[in-house]
Structure formats: structure tokens, C-alpha cells
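Since the structure of chain A is already known, use the hints to place chain H on it.
There are 2 protein chains.
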Amino acid sequence: MNTTPKVLAFDVFGTVVDWHGSIAAEVKRIGLDADPDAFATAWRDGYRPAMARVRSGELPWTKIDDLHRLILDDVLKEFEITHLTEAEKRHLNLVWHRLIPWDDTIAGLLRLKNQFTLVTLSNGNLGLLANMAKNAGLPWDLILSAEVFRHYKPDPETYLGVATIFDLAPEEVMLVAAHKDDLLSAGKCGLQTAFVERPLEFGKQMQRDDLAVEAFTTYHAKNFLDLADQLGC
Amino acid sequence: MNTTPKVLAFDVFGTVVDWHGSIAAEVKRIGLDADPDAFATAWRDGYRPAMARVRSGELPWTKIDDLHRLILDDVLKEFEITHLTEAEKRHLNLVWHRLIPWDDTIAGLLRLKNQFTLVTLSNGNLGLLANMAKNAGLPWDLILSAEVFRHYKPDPETYLGVATIFDLAPEEVMLVAAHKDDLLSAGKCGLQTAFVERPLEFGKQMQRDDLAVEAFTTYHAKNFLDLADQLGC
Chain A
3 MNTTPKVLAF
13 DVFGTVVDWH
23 GSIAAEVKRI
33 GLDADPDAFA
43 TAWRDGYRPA
53 MARVRSGELP
63 WTKIDDLHRL
73 ILDDVLKEFE
83 ITHLTEAEKR
93 HLNLVWHRLI
103 PWDDTIAGLL
113 RLKNQFTLVT
123 LSNGNLGLLA
133 NMAKNAGLPW
143 DLILSAEVFR
153 HYKPDPETYL
163 GVATIFDLAP
173 EEVMLVAAHK
183 DDLLSAGKCG
193 LQTAFVERPL
203 EFGKQMQRDD
213 LAVEAFTTYH
223 AKNFLDLADQ
233 LGC
Chain H
3 MNTTPKVLAF
13 DVFGTVVDWH
23 GSIAAEVKRI
33 GLDADPDAFA
43 TAWRDGYRPA
53 MARVRSGELP
63 WTKIDDLHRL
73 ILDDVLKEFE
83 ITHLTEAEKR
93 HLNLVWHRLI
103 PWDDTIAGLL
113 RLKNQFTLVT
123 LSNGNLGLLA
133 NMAKNAGLPW
143 DLILSAEVFR
153 HYKPDPETYL
163 GVATIFDLAP
173 EEVMLVAAHK
183 DDLLSAGKCG
193 LQTAFVERPL
203 EFGKQMQRDD
213 LAVEAFTTYH
223 AKNFLDLADQ
233 LGC
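One line per chain: the protein sequences are A and H, in this order.
If you read the first sequence in our numbering, its first letter stands for residue 3, the second for the next number, and so on.
If you read the second sequence in our numbering, its first letter stands for residue 3, the second for the next number, and so on.
Chain A extracted, bound-state conformation (with noise of 0.2 Å):
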């Protein structure tokens, strides 16, 4: 018999968010020359060496909002995008801000929220975070981001920082996430884990084919919702 955890820290980007689909509607809205689902993957494929970069001491610390940027000019670059102003590529680079929820998302939250604390435990930056919150009606407890521990996450610091925040032991918190990795990670450090299938992560054409049960996690959910059927909410 598990614990009952009592803070629920989500990852966000995948888990609560389709960045991939947010983003590609995006460069469709304003015309972009360029494959919509192959530009958000680009942008996206940029994310973790520019985080192993800050995570290795290469780069001093550098919140996302800025590692997005430097990604994004590469990108534009790739698909040999030359027209934009600076002003209209620093409102794409936004669009990290305005990601949409997936469609269980909100009303998964809102249940969940009856019960556990909820917080966010992403590498996104706490304005990022704020104003997609504030955008989407995402109904957070707290928000925690990897810009409050100075580490990404899978640094230790970012797991164990959100049950010492809340003056819990490790097993009292509960990672929520669609990534394996993130969640094994969160497990070594001693937090219960609870797994939520996004097939959809990556878009129609790239369906994830890594969404099998596995014995080290707590939870196996299908949505938010799942999980909180689960979960007694």
C-alpha cells in the first residue's frame, strides 16, 4: 500500500500542454513558409542540448524564455525564414506562453485539485509559466519551476526541492508525467510517479509508440481524468 501522496507536482510541456500542435497552428496562423509539424519539431529537437549546455556549466544559467530564442534562430535559419521582423519573432518566441491545454486537462486539474496540492515541476521559466496559466485557466496551487531550484530537471534539486518546499518526505510527492525518463529520474529521488499517455506529443505523423506499462511506476493513466479516477477524486 502506497502512501497517499500529497502534492501533485505535473511536468508540463506534453503532459498538460500540446506544444507540438500549439506551435504548428501557430506557423500555419501567420503563414509561415514552412511544414508546420516539422518546424515545431525542429524547435523543439533544439530544447535538451541547449538545457545540457546550462545543465553542464557550459552556459551560465539561462532561463528557457531565452534558450527558445537562440533555438528559434537556428530554426529559422534551417527553413531559410528571413522576412521576419524582430518584433514579430519575438511574439513567436512567445507562443511557449500560449500553448493550449489538451482537451482532459482542466477538468482532470479541477478534480485532482479537490484533493492534493497541485504545482507545476517544469523547466519552463515562472513568467513562461504564469502567463500560460493565466492564458489557459490552468488552476495551479503554486507554481515551481526549475528557475526557482536553479537546476532542469533531471537535476535531483528540482525533485527533492518541491517536497522541501512543503516540509514533506519525498514518498509525499507525486511526479505526473508523459516522459519515462522524467519519471524515472523522480523515482530514484524517491517520489511516487504516476505516468499519462500523450500519443499525440510529437503530432498525427510521429504517433509515440513508448506508452507501455512499466513496473517503476505508481500509476499508469491514460489522461487526467483516468488519473483521477485512480485516485479516488
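Bear in mind the hints are in silico, worked out from the structure with no lab data behind them.
Where hints are given, some of them may not hold.
Note: identical chains are not told apart, hence a pair may lie in one copy or across any two.
As the list claims (entries may be wrong) - Straight line, CA to CA, 25 Å or less: simulated DSS-like cross-link-like pairs of lysine-lysine: (1) Lys-91 with Lys-8; (2) Lys-65 with Lys-8; (3) Lys-91 with Lys-115; (4) Lys-115 with Lys-224; (5) Lys-136 with Lys-115; (6) Lys-190 with Lys-8.
Using the frame of chain A, we list chain H on its own:
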């Protein structure tokens, strides 16, 4: 003509919630053999000196929950209260997580939230502020704390930190507070300021007599509803 602020940053203790009334009520409720008003006053009186020890570097970074507990132990000695168990002391210390909002707080914040991004800027720690918000229904867009900046107010890092997080100029942020020294420090950093009268902050027996309009604040409001009126919300 002032710039319209985009973010309103709220001081919390005394401005948003009634610490004195909440603590006095708790002292009465649990039947401590102490004058409730005097006990509340004594506990709060230890707050600034304790923070000053952190700000000067005499103490390492210490969160308010832990400072509150250090002060509580002194206050219990002063009032010769010796019968509380460790669990009872821990529960009493967390009364700061259960402070009650002023009557106009929630209605005022909900009106202001339609037009502005609402954040806390409090010396209270993140866990305290999140538990308080969940308990009282405070509709923050983002909870910010001295704990994020590793500086206590009135250090400039706190006021300017809010602007940096939202990538704004200082004058696009407005501090809302019931304390003139806090507003004066924020104003020196270039923030706009709104004073809110809280005549009963220190209880009915010690009504505040420092509520006069000052030239150095941008706005002066009776309460949050009056502030919402003045800001056209």
C-alpha cells in the same frame, strides 16, 4: 499620466490577510493562558529582528516558517506557557498558513485579476503562501516570495525580481501594500505603488494612525474594492 501597470505585486501579511485577528482567534480557540492580542503582537514583534539577522548575514538563509518557530519558542517562554507538546507547537506555528483574508480581499482580487496579473511579493515562504492561498481561496496568478530571490524585502532584488520574471520595466509593476516603508523601497526601485489602508492590522486596541495620503505613492485606496474602482476594473 502613469504607465498602466501589467503586474500587481501584493504584500501579504497585513495587506491581504489579517494576521493579528487570525492569531488572536487561534490563541483563544486552543485555550492558551495568554491575552490573545498581546500574544499575537509579541509573535509579530519578533519578525523584523529575525529577518534583519538573515539580511545582515548573521544567520544563513532561513525561511519564515523556521523564523516563526524560533520566535514562538521565545514568546511561549515570555508568556510562561510550558504545557504544549511538540506536535501542538508545530500546529500552532502553522497558523501563519491559515491566516484569514480581510472582508474585501477575495472580491477585490477577483475584479483586479480580470485586468492585471496578480502575484504575491511576500517575505513568507512558498509553502506557507501556497497553503494559505489554497485554504483561503486567494486567486494568485503566481506566488512569488523572498524565497525565490533569496533576499528579504526591502532588498531591491525582491522588487526588481518581479519585473525581471515577467520581462517588464520596473514601472510596469505596481506594489500593493499596507506599509509605507515597503512602498517607499519599491518606489526607489522604479515600481509604481498603491497604499491600502488596513486600520485594524494591529488589532482594535492599537488602531493604526499612519494612514494619511503620501505624495510618494501612486495610488491610495481604502481597500481592494476601492483600488479596483480607481484602476477601472
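Hints and how they fare:
| no. | hint | verdict |
| --- | --- | --- |
| 1 | Lys-91 with Lys-8 | between (41 Å within a copy, 22 Å between copies) |
| 2 | Lys-65 with Lys-8 | between (29 Å within a copy, 21 Å between copies) |
| 3 | Lys-91 with Lys-115 | neither (36 Å within a copy, 28 Å between copies) |
| 4 | Lys-115 with Lys-224 | within (18 Å within a copy, 34 Å between copies) |
| 5 | Lys-136 with Lys-115 | both (17 Å within a copy, 9 Å between copies) |
| 6 | Lys-190 with Lys-8 | within (19 Å within a copy, 41 Å between copies) |
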